[in-house]
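There are 2 protein chains.
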Amino acid sequence: MNTADLGLPVAVPSTALFTDQYELTMLQAALRSGNADRRSVFEVFTRRLPEGRRYGVVAGTGRVLDAVENFRFDGTILGFLRERGILDEPTLEWLADYRFRGDIWGYPEGEVYFPGSPVMRVEGTFAEAVLLETVILSILNHDSAVAAAASRMSVAAGDRPLMEMGARRTHELAAVAAARSAYVGGFHTTSDLAAGFRYNIPTVGTSAHAFTLLHDTERDAFTAQVDTLGRGTTLLVDTFDVTEAVRLAVEVAGPELGAVRIDSGDLLLVAHRVRQQLDELGAVNTKIVVTSDLDEYAIASLAAAPVDAYGVGTQLVTGSGHPTCSMVYKLVARATSDDPDAPLRPVAKKSLGGKSSVGGRKWAARRPDENGVAEAEVVGTGEVPAELADHQLLVPLVTGGKVVAREPLDAARDRHIAARAGLPLSATQLSRGEPVLPTEYR
Amino acid sequence: MNTADLGLPVAVPSTALFTDQYELTMLQAALRSGNADRRSVFEVFTRRLPEGRRYGVVAGTGRVLDAVENFRFDGTILGFLRERGILDEPTLEWLADYRFRGDIWGYPEGEVYFPGSPVMRVEGTFAEAVLLETVILSILNHDSAVAAAASRMSVAAGDRPLMEMGARRTHELAAVAAARSAYVGGFHTTSDLAAGFRYNIPTVGTSAHAFTLLHDTERDAFTAQVDTLGRGTTLLVDTFDVTEAVRLAVEVAGPELGAVRIDSGDLLLVAHRVRQQLDELGAVNTKIVVTSDLDEYAIASLAAAPVDAYGVGTQLVTGSGHPTCSMVYKLVARATSDDPDAPLRPVAKKSLGGKSSVGGRKWAARRPDENGVAEAEVVGTGEVPAELADHQLLVPLVTGGKVVAREPLDAARDRHIAARAGLPLSATQLSRGEPVLPTEYR
Chain A
1 MNTADLGLPV AVPSTALFTD QYELTMLQAA LRSGNADRRS VFEVFTRRLP
51 EGRRYGVVAG TGRVLDAVEN FRFDGTILGF LRERGILDEP TLEWLADYRF
101 RGDIWGYPEG EVYFPGSPVM RVEGTFAEAV LLETVILSIL NHDSAVAAAA
151 SRMSVAAGDR PLMEMGARRT HELAAVAAAR SAYVGGFHTT SDLAAGFRYN
201 IPTVGTSAHA FTLLHDTERD AFTAQVDTLG RGTTLLVDTF DVTEAVRLAV
251 EVAGPELGAV RIDSGDLLLV AHRVRQQLDE LGAVNTKIVV TSDLDEYAIA
301 SLAAAPVDAY GVGTQLVTGS GHPTCSMVYK LVARATSDDP DAPLRPVAKK
351 SLGGKSSVGG RKWAARRPDE NGVAEAEVVG TGEVPAELAD HQLLVPLVTG
401 GKVVAREPLD AARDRHIAAR AGLPLSATQL SRGEPVLPTE YR
Chain B
1 MNTADLGLPV AVPSTALFTD QYELTMLQAA LRSGNADRRS VFEVFTRRLP
51 EGRRYGVVAG TGRVLDAVEN FRFDGTILGF LRERGILDEP TLEWLADYRF
101 RGDIWGYPEG EVYFPGSPVM RVEGTFAEAV LLETVILSIL NHDSAVAAAA
151 SRMSVAAGDR PLMEMGARRT HELAAVAAAR SAYVGGFHTT SDLAAGFRYN
201 IPTVGTSAHA FTLLHDTERD AFTAQVDTLG RGTTLLVDTF DVTEAVRLAV
251 EVAGPELGAV RIDSGDLLLV AHRVRQQLDE LGAVNTKIVV TSDLDEYAIA
301 SLAAAPVDAY GVGTQLVTGS GHPTCSMVYK LVARATSDDP DAPLRPVAKK
351 SLGGKSSVGG RKWAARRPDE NGVAEAEVVG TGEVPAELAD HQLLVPLVTG
401 GKVVAREPLD AARDRHIAAR AGLPLSATQL SRGEPVLPTE YR
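Chains as they are written, first to last, in the UniProt record's numbering: chain A, 1 to 442; chain B, 1 to 442.
Chain A with its partners taken away, still in its complex shape (with noise of 0.2 Å):
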């Protein structure tokens, strides 16, 4: 194969090796013990939010959706297994025949959540379900903590365009999934291109200092980049002195000049002054772009100012401040045999350092107030109340092994939309608080 896609000579050939090694001793040791076949249900959930926020943004699904359909064990991956001594022959040969032919349930890709929500739930054997506990993780953790900051970011600029541009700050595969859940969280365009080359997402980029540098003058470089990617591009004004890269930039593009980036000192400032004289030598139309360390409150500092869109990079890959989220995948329910119609019984570690969990195969509700607006975050087990039917958060992910909720990026983009909109107003306050709805628990 070639293995170049990731930067490496020697091939990672599917996602089963994206997977902590005690996954598979456990599997080897329930094979042995007899319980490997026992149906159980892990779910994945937080027990806390970063501190300070609302609200939790769900993001990653669709990944987790392609990863689980490409975990297999094949001959390269058991020879591995076999050479280390991590796997006896059994393990290795019940592993050949791997595929999840389970369930998975979950809240939407876009949807919010909060403390306790099972935001996603596997359901099979102990042996396929336990598996996936780390590659699910690793997405929902790493998405989830990107589009949180996404929507927050999106909430500060109102209408104004996002653009990410965070692909230098953080691995080079990390960024292709944050751009992916920046235009989740509310995010317009990219400057990654691999991003828009697997998920479509609208790129853009036009040139860095280096490009005013390599010329003998500003303007020779302005001309070049006109000449060639017409007046409507973006000229960056800020290599040497703003003011004169203003009034050079619409000399040589004309008032047509598409915009100006600029990309270092006194944003508020700066952008106020540039309007001004942008509009004083009649480019009105010039938009301004602004791209120098943002973050949500930096951008919400700009909404008096006179800014047409923002780029962010390293506040929104690195999750502002909170580049993970802390959910955990957990065995709820187990059969108290091998026997696929045994009966499940709820389980959980008991607390020792706020390290607990519910037990028990969980629904979730959103319960709106009369006004629709959401007042709670409900979860339960056993059966769903009617009054919450119409409310409930799962859905299906994947049936009997098959994946049935593909969807369009931009569905998820949408429904992320919608479900902030449901929210109490607070939610989109900046401002540090508790999360803006309460967990219920049935």
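Watch out, some of these pointers could steer you wrong.
Copies of the same chain are indistinguishable here, so a pair counts whether it falls within one copy or spans any two.
[As the list claims (entries may be wrong)] Once the Cα atoms are required to be at most 20 Å apart in a straight line, the calculated DMTMM-like pairs of lysine to aspartate or glutamate come out as:
hint: 1; residue 1: Lys-402; residue 2: Glu-69
hint: 2; residue 1: Lys-350; residue 2: Glu-89
hint: 3; residue 1: Lys-402; residue 2: Glu-375
hint: 4; residue 1: Lys-287; residue 2: Glu-256
hint: 5; residue 1: Lys-350; residue 2: Glu-51
hint: 6; residue 1: Lys-350; residue 2: Asp-295
hint: 7; residue 1: Lys-350; residue 2: Glu-244
hint: 8; residue 1: Lys-287; residue 2: Asp-103
hint: 9; residue 1: Lys-350; residue 2: Asp-293
hint: 10; residue 1: Lys-287; residue 2: Asp-159
hint: 11; residue 1: Lys-350; residue 2: Asp-227
hint: 12; residue 1: Lys-350; residue 2: Glu-370
hint: 13; residue 1: Lys-402; residue 2: Asp-66
hint: 14; residue 1: Lys-287; residue 2: Asp-308
hint: 15; residue 1: Lys-402; residue 2: Asp-97
hint: 16; residue 1: Lys-350; residue 2: Glu-123
hint: 17; residue 1: Lys-350; residue 2: Asp-216
hint: 18; residue 1: Lys-350; residue 2: Asp-266
hint: 19; residue 1: Lys-402; residue 2: Glu-93
hint: 20; residue 1: Lys-402; residue 2: Glu-387
hint: 21; residue 1: Lys-350; residue 2: Asp-369
hint: 22; residue 1: Lys-350; residue 2: Asp-97
hint: 23; residue 1: Lys-350; residue 2: Asp-220
The hints are simulated quantities; they were obtained by calculation from the structure and are not laboratory data.
Once you've looked at the hints, dock chain B against the given chain A.
Here is chain B on its own, set in the frame of chain A:
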């Protein structure tokens, strides 16, 4: 090709798309302006360390070499760029033949660095060198952030082994790179099977709470695990009651039990109690492994506790508060014409809001004091002073497009331990402070 290694049904068939769009539009404009072939020098450096950190750790160098080798534009990629209208035909033709034919120098992997250290220098035509910006920064910024956290943890752990267990808290492929970086920074093993497969890092792992909960009793679970993994295994003892579990563990496995793992609670207190209990039960050689939300400070706080090994997850893979470095890739010099013999001219963006650069192609050396302890990071342009000639830091990595510096990962790990040992003692204080070496410019 088999695309399952990305968990993606569609291929990203080389590293060439791990690139911000503006690199390609700059290329197109430079080709049009006739300046694409100007000999150019780009340098990777950081203006500051994360707040309070005493030193940085270069990691990812080996991955950069892989990425540069695999940076090719095949028909699929060119078709994407054409279809999206991102580039014109002459530029697409130019890219079809692209491979990097220039030179790369850098601090060898595992070396420490300081603000202003030119950790990598890429030399070639503007066209060939500008394209590598994003993928080089992605790798170095991510990997070095993890390695810096790992290094601090390894200082705190002293001689006790460190296990990397963070895969579930970061993107599934970032996790593989994180395990690699952790190893460079001083970790010993990883739970991540893909990292074991790809980088030959020793892997570890035995069981989680789910395994105990699957069984009807804790005794059944321990018995099953010991039956298949042997008495040398590590039993997880905090699912229900730790004291009862430790008693049961030694009863089931005998005093030959390899280790017990504690994953919750007050680790200091619990470790002391468990050690006393194990000793009273005659299991004097049974080790104690702790794994609950550790960072370098928590590890240090357990220095006097009877703990034999640490497993670290979240805080490692998220860089212990600093998930990315702030490395940038700047054009520092370029020829005055496209004549290959034209002289190089230093270039730099003017300072505005702290984003200043120092122009010129740089060398770097670490000056020792009379005792051989490093006392300054010296960075300069022009001739290297004779007294620093033997202390230079940059080594050739790629020469004329050919990778010349492949090495086993252990070499980078050993280099890091040695480089850290050559710093003043205060380098390894965990408390916040200034960079332990000043950077002097010549």
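Run through the hints listed earlier and report the numbers of any the structure violates, in increasing order. Numbers 2, 3, 5, 6, 8, 11, 12, 16, 19, 20, 21 and 22, in rising order.
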